[in-house]
Amino acid sequence: MLQSIFLGFLGGQEFIIIGVIILLLFGGRKIPELMRGLGSGIKEFKSATKEDEDDKKDDEPKIEA
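Here this note's numbering is used: the first residue of the sequence shown is 1, the next is one more, and so on.
Derived from the structure by calculation, the hints contain no laboratory data. Glycine is no exception: its CB is placed at the ideal position from the N, C-alpha and C atoms. Among the hints, erroneous ones may be present.
To be verified - With beta-carbon atoms standing in for the labels, derived distance ranges: (1) D55 x G11: 39 to 47 Å; (2) I31 x L10: 16 to 24 Å; (3) T49 x R29: 28 to 36 Å; (4) K43 x I17: 27 to 35 Å.
Make a model of the complete structure from these sequences and hints.
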């Protein structure tokens, strides 16, 4: 609910201004590097959670009828 309150105040013009500010702060060369790092971090997180789920499935006792 809190997100919808804050996102309700932001329109297209505000997003463009925020994008320009980010571009000025980090520069055109640094942004792709940041996005690559973010993408690899997300991929690593997903694989870690998948491994954790697989470990939980292996730990569950099997019930045979």
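Status of each hint after checking the structure:
no., hint, verdict
1, D55 x G11: 39 to 47 Å, "45 Å, holds"
2, I31 x L10: 16 to 24 Å, "20 Å, holds"
3, T49 x R29: 28 to 36 Å, "32 Å, holds"
4, K43 x I17: 27 to 35 Å, "31 Å, holds"
Of the numbered hints stated above, none is contradicted by the structure.
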